[in-house]
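Engineer: Listed here are the chains, written in short residue letters.
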Amino acid sequence: MSSEAIGKKDLSRRDLLGLTAIGTATIAGLATLGGSLRLVKPNVHFEESTQFKIGKPENFPEGTVRVFDDKNCFIFSDSDGLYAVSSICTHLGCIVSLTEWGFQCPCHGSKYNPEGHVIGGPAPRSLEWFEINQDVDGSLVVDSAKTVAAGTKYIFT
Amino acid sequence: MDGTKQSGLVKFKDNLFTVKDSLLGSFIRSGAPTSDRSRTAIMFNNFFLHVQTVKTHINTLRPSYTLGMGLIALFLMIIAFISGIFLMVYYNPSIENAFNSVKDINFVVSGGKLMRNVHKWSGEAMIIFVLFHMTRVFYTSSYLRGREFNWLIGIVLLVLTFLLNLTGYMLPWDQLSYWALVIVANIIAAPLEMTDIMGVTKYFDIGGISKELFLGGLVPGKEALNRVYLFHIMLLPAAILIILGVHFWRIRKDGGLTRPDKFDRKDTDTTYITPPDKTGDIFPTYKTYGLMELAKGKTPAVDNDVENTVLSWPNLLIAELAVMMFTLAAVVAYSFYIDAPLKELANPAIPENPAKAPWYFLGLQELVGYSAFMGGQGIPMAALLGLALIPFLDRESEHTGIWFSNKQGLTVTIISFIVGTVGLIGTLAFTIQYGWFRNWWPNIPQIVIVMINPGTIWLGFVMIWSLATIKITGSTRMGAIALFTIFLVSYIILTYTGTVLRGPNWDFFWSQSEWPIH
Numbered sequence: 001m002s003s004e005a006i007g008k009k010d011l012s013r014r015d016l017l018g019l020t021a022i023g024t025a026t027i028a029g030l031a032t033l034g035g036s037l038r039l040v041k042p043n044v045h046f047e048e049s050t051q052f053k054i055g056k057p058e059n060f061p062e063g064t065v066r067v068f069d070d071k072n073c074f075i076f077s078d079s080d081g082l083y084a085v086s087s088i089c090t091h092l093g094c095i096v097s098l099t100e101w102g103f104q105c106p107c108h109g110s111k112y113n114p115e116g117h118v119i120g121g122p123a124p125r126s127l128e129w130f131e132i133n134q135d136v137d138g139s140l141v142v143d144s145a146k147t148v149a150a151g152t153k154y155i156f157t
Numbered sequence: 001m002d003g004t005k006q007s008g009l010v011k012f013k014d015n016l017f018t019v020k021d022s023l024l025g026s027f028i029r030s031g032a033p034t035s036d037r038s039r040t041a042i043m044f045n046n047f048f049l050h051v052q053t054v055k056t057h058i059n060t061l062r063p064s065y066t067l068g069m070g071l072i073a074l075f076l077m078i079i080a081f082i083s084g085i086f087l088m089v090y091y092n093p094s095i096e097n098a099f100n101s102v103k104d105i106n107f108v109v110s111g112g113k114l115m116r117n118v119h120k121w122s123g124e125a126m127i128i129f130v131l132f133h134m135t136r137v138f139y140t141s142s143y144l145r146g147r148e149f150n151w152l153i154g155i156v157l158l159v160l161t162f163l164l165n166l167t168g169y170m171l172p173w174d175q176l177s178y179w180a181l182v183i184v185a186n187i188i189a190a191p192l193e194m195t196d197i198m199g200v201t202k203y204f205d206i207g208g209i210s211k212e213l214f215l216g217g218l219v220p221g222k223e224a225l226n227r228v229y230l231f232h233i234m235l236l237p238a239a240i241l242i243i244l245g246v247h248f249w250r251i252r253k254d255g256g257l258t259r260p261d262k263f264d265r266k267d268t269d270t271t272y273i274t275p276p277d278k279t280g281d282i283f284p285t286y287k288t289y290g291l292m293e294l295a296k297g298k299t300p301a302v303d304n305d306v307e308n309t310v311l312s313w314p315n316l317l318i319a320e321l322a323v324m325m326f327t328l329a330a331v332v333a334y335s336f337y338i339d340a341p342l343k344e345l346a347n348p349a350i351p352e353n354p355a356k357a358p359w360y361f362l363g364l365q366e367l368v369g370y371s372a373f374m375g376g377q378g379i380p381m382a383a384l385l386g387l388a389l390i391p392f393l394d395r396e397s398e399h400t401g402i403w404f405s406n407k408q409g410l411t412v413t414i415i416s417f418i419v420g421t422v423g424l425i426g427t428l429a430f431t432i433q434y435g436w437f438r439n440w441w442p443n444i445p446q447i448v449i450v451m452i453n454p455g456t457i458w459l460g461f462v463m464i465w466s467l468a469t470i471k472i473t474g475s476t477r478m479g480a481i482a483l484f485t486i487f488l489v490s491y492i493i494l495t496y497t498g499t500v501l502r503g504p505n506w507d508f509f510w511s512q513s514e515w516p517i518h
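Heads up: the protein sequence lines correspond to chains S and V, in order.
According to the numbering used here, the stretch in the first sequence is residues 1 to 157, in order.
According to the numbering used here, the stretch in the second sequence is residues 1 to 518, in order.
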């Protein structure tokens with residue numbers, strides 16, 4: 001039984017109370033730390049919406065390449081459809097630029113192919129692809145908070 | 001009745017006429033420092049002076065021993081504190097006003113540009129002199145004999161110095177500030193690389209949470225600037241002041257600065273030492289003394305070294321005053337001619353190409369160019385840990401107080417210097433010439449690049465080199481010398497590479513004049 005086990009370990013009442021006190025203090029301390037960090041983590045972000053309208057589908061005929069500088073996003077259109085690729089380098093967050101062979105990051109030389117797949121430099125991940133939806137008014141909405149698998153292309157009418 | 005009144009007024013009149021003497025006497029209780037006794041008394045009666053001993057060892061006073069490095073770092077910090085308060089008069093930490101208020105300081109406020117330059121350059125110079133101070137302490141084995149923990153405190157102070165500089169250049173909200181904020185936030189988020197590899201990011205995104213706590217959001221904006229400001233003007237200065245207090249307090253408790261066991265006076269010592277009064281010794285026989293405190297280490301009073309100590313007033317204080325005046329003059333003169341940089345207003349759409357941090361972080365930037373996690377967190381942590389453990393892994397205290405320990409120490413320093421220089425330049429040249437794994441096998445898994453890159457290979461080499469030195473020489477001190485020497489060499493070479501040899505897209509160029517138009 002438990003009393004036997006305690007007797008074997010020779011845990012005195014004083015030690016038990018001491019351990020309980022230390023344990024309680026540790027739990028209280030961790031809870032305080034967690035609560036303090038929770039305060040520091042904001043509940044509201046005073047930032048621009050991650051969703052933005054880019055216009056009607058007919059503005060993006062096949063072969064279109066558009067750069068949305070202020071949204072850090074490229075929009076491409078090819079025979080398979082429309083797709084949005086992030087221009088934020090996955091290494092340390094600089095903005096990549098479009099080249100003949102893909103994307104180039106100026107900060108540490110990361111290179112991506114036209115699908116955003118890493119082909120050089122220190123970037124750990126491929127460029128993100130964003131979800132595109134069509135609003136009721138017919139205009140297209142990109143949501144940079146929602147990433148989709150690379151190669152996801154959308155056809156809108 | 002009349003007589004009492006009269007005498008009261010007379011007393012008042014006397015007090016009034018002697019108010020200058022009595023005020024001064026209550027302020028400086030020991031009187032003018034004209035005798036050894038009053039020079040002694042002033043040191044322990046004055047709050048600001050009593051952190052220092054009454055008598056100082058001649059070895060401590062020799063400029064060739066300390067080089068005044070720690071003292072210069074302290075004065076630079078004080079200069080940065082005071083100039084920083086002046087900048088706070090006009091600076092406004094909001095993304096709407098920050099850049100304009102710094103431009104105001106630079107171009108409108110009387111003396112503003114000079115004050116900003118002084119603040120910037122004293123802060124940057126602190127990095128250099130904290131490193132120099134650390135170098136001095138290391139090569140004189142001054143991290144031993146009770147000073148082990150103070151070495152750790154010193155490393156914390158080095159980190160705080162870097163953080164103060166880092167948060168400082170984020171405040172003007174120019175292009176440098178903004179992209180530094182972006183890059184630092186992503187270095188904070190770099191554990192993402194590891195959690196991604198392990199596939200646990202969905203459940204335990206420690207990198208993302210840390211980044212959000214730092215930025216107060218998902219992208220750098222007003223919350224981030226507010227937090228950086230809080231760090232720069234309050235949390236970090238408070239931390240550095242308190243920890244510096246502990247640093248000094250421990251120096252005193254450890255019996256002052258280190259000195260060699262066998263100390264011999266030199267003729268040249270007399271050039272900067274005022275001999276004591278000949279009329280009476282500092283401890284005359286007709287006086288008795290009580291024990292005021294027990295300090296660890298060999299204090300002058302308990303050692304037979306007592307004849308090699310001289311009064312701190314004036315010998316130590318005049319040296320400190322000279323260093324302070326030299327430091328202040330140098331900072332002001334430099335700031336008068338060289339302006340602190342201020343780039344254009346932050347533009348979140350266009351990073352500079354190349355987007356370079358200030359020079360003291362460009363060694364790290366070279367390393368994050370291989371892997372964000374290893375370069376930004378893994379390797380710096382390993383380097384700091386290695387430095388921090390030096391006093392605990394090397395306990396050969398017989399060399400304390402002697403530059404480079406002995407002849408062998410000097411040899412190891414020189415060989416390590418050469419090996420470090422050649423080895424690191426070779427590693428960098430190979431990487432620049434032939435690229436790295438991803439250039440050869442484009443589909444290589446990320447984990448291989450994180451674990452095996454030029455930075456980690458160099459780290460491994462330094463560890464092996466230090467262990468080999470310990471094995472060959474049979475001395476842990478020699479291993480420590482090898483480790484520290486290569487650390488210094490690496491910092492310098494990596495910084496040079498990042499500063500001069502890297503251009504647009506972080507490509508290699510011999511100099512900035514070869515950069516292509518972009």
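Source of the hints: derived by calculation from the structure; they are not laboratory data.
Among these hints, one or two may not hold up.
[Unchecked claim] 30 Å max Cα-Cα, derived BS3-like pairs, lysine-lysine:
1) K153(S) / K41(S)
2) K146(S) / K53(S)
3) K153(S) / K222(V)
4) K222(V) / K253(V)
5) K41(S) / K113(V)
6) K41(S) / K202(V)
7) K41(S) / K146(S)
8) K113(V) / K356(V)
9) K202(V) / K53(S)
10) K222(V) / K53(S)
11) K146(S) / K202(V)
12) K71(S) / K202(V)
Engineer: Which numbered conditions among the earlier hints are violated in the structure presented, ordered from lowest to highest?
Structural biologist: 1, 3, 4, 5
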